[in-house]
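Peer 1: Sequence:
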Amino acid sequence: MQNKRLFTIAPGAPFLKTFATALLEGRIIVGYSKSLGPLEIADATIYVPTRRAARALAYELGRALGRPSMLLPRILPLGALEETETSLLFEATGIEIAEEAAGALDLPEAVGEIARRMLLTELILAWARALSHAIVSVDANGNREVDQSESFLVAKTAADAWYLSGELASLIDEMIIEDVAWEKLDPLVLPEFDQYWRITLDFLTIAVEHWPNELSQRGLVDKARRQMALIEAQSRRLREGGTTGPVIAIGSTGSNRATADLLAAIARAPRGAVVLPGLDQQMDAHAWAMIVGAAPDAENSFTHPQASLRRLLVLLQVQRDEIVSLGEVAAPLVMRESFVSQALLPADATDAWNAYRSRVDPVELESALGGISLIEAVDAREEALALAIAMRQVLETPGETAALVTPDRELAARVRAELRRWGVEADDSAGEPLSASPIGILARLVIACVASGMAAADVAGLLGHPSVRLGLARSEVARLAPLLEVGLLRSPCAAQGLAGEASTLIAAAREAAKDVYSHPAKQRISEADWAALEDLLNRLGAQFAPLQNLRGDQPLKSWLAAHRLVLTAILGDDEIDEDRAALEDLFDELTANVLDSLNFDVDSYAHFFAAVAREVVLRGPKRAHPRLKIFGLLEARLVDVDVILLGGLDETVWPPQARTDAFLNRPMRAALGLTPPERKLGQTAHDFVQAMGKSKVILSRARKRAGSPVVASRFLQRMAALGGPRGTLAGNAAIIICDWRRRSTIRFPPRRRPSARFPNPRSSCARPVSA
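In the numbering used here, the protein residues as written are 8 to 778.
Simulated from the structure, these hints should not be mistaken for lab results. Glycine included, every Cβ here is placed at the ideal spot set by N, Cα and C. One thing to keep in mind: the hints can contain errors.
Straight line, CA to CA, 30 Å or less: simulated DSSO-like cross-link-like pairs of lysine-lysine [to be verified]:
| # | residue 1 | residue 2 |
| --- | --- | --- |
| 1 | K11 | K24 |
| 2 | K11 | K41 |
| 3 | K564 | K529 |
| 4 | K163 | K703 |
| 5 | K24 | K703 |
| 6 | K24 | K41 |
Ranges between beta-carbon positions, derived for each pair [claimed, not checked]:
| # | residue 1 | residue 2 | range |
| --- | --- | --- | --- |
| 7 | D603 | L572 | 13 to 21 Å |
| 8 | Y66 | S40 | 13 to 21 Å |
| 9 | P369 | G248 | 50 to 58 Å |
| 10 | R666 | D595 | 53 to 61 Å |
| 11 | G430 | A538 | 20 to 28 Å |
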C-alpha cells in the first residue's frame, strides 16, 4: 500500500509540461531527477496513450533537460489497448514491448488484419448459406410457416459479410481484452431471448470452435491475444521486481481490464508511478459515491466523466484523497473546473446546484468563463466555416497555436477544406481514408464506370480526374474531355453508355452535330477533333477490357487483378507517390490473402472495394502548418495549445450514440460481463472536461445535420442549466451566433473586398503567415 505512487494533473495545467517538470525535479520517482547521468536518465520507461503523446513528451523532456545532447527515457504508446474502438485497419497500434520479450515467451506471430477479415468473411458466408429457412413457426392449423423476411437479417453477399467480419473481429478482440471466456455464451440460450438471438448465439458458438482451430493450424494468434500476453508478462515482471529502472504510466484512465491491470502493476512496483489525467478532487463525497454504487447502473457507472477513474481507484485500492496533485492552476481555471464538475454531476446529485449557485462568487465565475466562446451554426457547413475562420484568425498572433478537437470526421474534413481555400493546410491526426484520396477516388470511378456500363456521367467524372492519362499527355486528355462531353456525352447517342463500338458512337454523334438545331459548340468540333475523340474512346475501351470481360459472379482474385491492370493502364508511367503506393500495398495484401470461395459481381465488388479502401488510413500532409492541428478525442487528451476548438457538440456526435454490436444485445453483454456501450460516452465526457481546462476554448454545434434538426450536447445543456437564465455558460461567455457565412467574403462578388468589421481570412492570407 505505501509503495504506491499515484498522482493526478488537473485539466487547467499543461499535462506533459507539468509531468516533465515534476519528473526531472524528483517529485515522481524518489532519486530520479535531471541531476542524474545520461545513462541513468535513459533507464526509465514511460507509458503514454498514443504515439503522438510519445512524440510530444519527448519534446517536453528534451526542453526541460536543456542539454545539447541527451538520452531520453524509453517512451511506449499503449495504443489500441487504451480504447479498442480506436484501432484502425493496417495501423501499427498497440503496446510496444521489446521483441526479445516476445521471443522469450515463445509467442506465435499475430495474424494480419486482412487475412483475419478474409477468413471471418468466409465463415460468415458459410453461416448465411446454412441458415436458410432457420426461422420456422407453426400456424393455428399446425402448418409450418417459413419467415420470408429472414434473408434480410443475414449477410447474403460477400460485401455484407466483409462488413460483418469487422464487427465479429471487434467482438473477438473485446472478449480477449476484457478476459471473457467464450464458454459463457452457452447458458445465454434462454427462453426470454428472441429466436433470432438464438441463431446469433449458434453462429458465435461455431465461430468460437472454428476460429481458434483455424489460427492454430496456421501457427498464429489474434493480435489482441499477443498484446495481452506481452502485457501480462510485463505486469508479472513488475510484480516480481524484475525491473530496476523507473516505470511510469501517464495519461491513461484504465478504461479496460488490460490497461487497468498494467497500471495496477506499475503502481505497486518499487520504482513505479501512475499519473492520472484530470481526477476530480473537488466533487463532494456523496456525488463521488454515486458514480459507482453497490448496484451500479449504466447512467451513473459508465456515462460520467470520472467513471473510468473511479473504477480504476477501486482496482488500485486507494482513496481519492490519497492521490497527489501536480502542477499549479490559475484561480479562474480552478473555478471553471469546479463549474464543469458541478454541471456534469450524476443526475441524482443535481439537487446540489442551488447550494452551488448560492455560494459561488458571480465575479469569480465571470472571470472563469471569460475565455469560452460558443458557435451556434445553422448547419454543419456553416459550423465548419466558422471553425476554419477562428483557426485562421489564430495565425494572426505570432506563435499562437490552435487545435480543433472533434469525433466527427466529416466536420474535420470540412474544416480542412475551408482552410485549404486560404492556402492553409492543417494536420489531421486521424489521417484521410484511402477511398477519399485522389487515387482512391480514381479507383472507385473505374469500378463505377464498369458497373454502369460506361454511363456518360461516370465517364465524364473519370476523364475529369487529374491523374487520367490513357496513354496520352494529360493536357491532351484535359482538352478532349469537354469536347467529348459536348459532342457525345450530352447527346441521345450516349443514352445506353459508351460500351459499344467507338466508331459507331462517334459516327452517330457527328451526324447529330450536322443538324441545324444542334448546339453551336457541337457544330464547331473539327474533323481532327472527331478523330481524336474516336481514338480516345478506343483507348478507353481497350484499357477497360480486363474489367469489362468479367461477367456475373467472379472470384475476388480475378476482380483484383483486372482492377489493378486497368488502373495501371489509365495512370501510365506517372511517378508513384505515397498514395499510389498505399493502393498498391492494398492490392498486394488482398491478393496474398484472397480466398477462392469469395465471389463477387461488379456491384458487390464495388461496395467491397470501397469498404476496404475506407479502412486504410493515409497520414496527414507533410507540409501542414505547424501551429494548426486537428485531433480526435484520444489524441487530444495530453496536448497543450493556446486555443482549443471543440466541434460537433450535438447529441449522437459528442457524446456519441450508444451502439451495440451486431451480434450481442444488452442483456447478453451484461450476462457475459462485458462493459455496456455507455462506456464510450463516459470516455468522451472525460475528454470534454479535459479540453475545457484550456484558457481559451471555442465550442461549436450545428442546429441541423444532414438536413435534420439535432439536439445540443448534454454537456452544453447541463452547463446552461447550471448557469441559469442568463444563458449558456452563466451568460458571460462570448456567444458567437454564427452569421459569418452570410456576411463574409463568400457572399461578396469576386474581387470585392468585404467590410473590415468581419473576419476576412481570404485577404489577410495574401501576406505571409509566420510559423
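Peer 1: Give me the numbers of the hints this structure contradicts, sorted from smallest to largest.
Peer 2: 3, 4, 10 and 11
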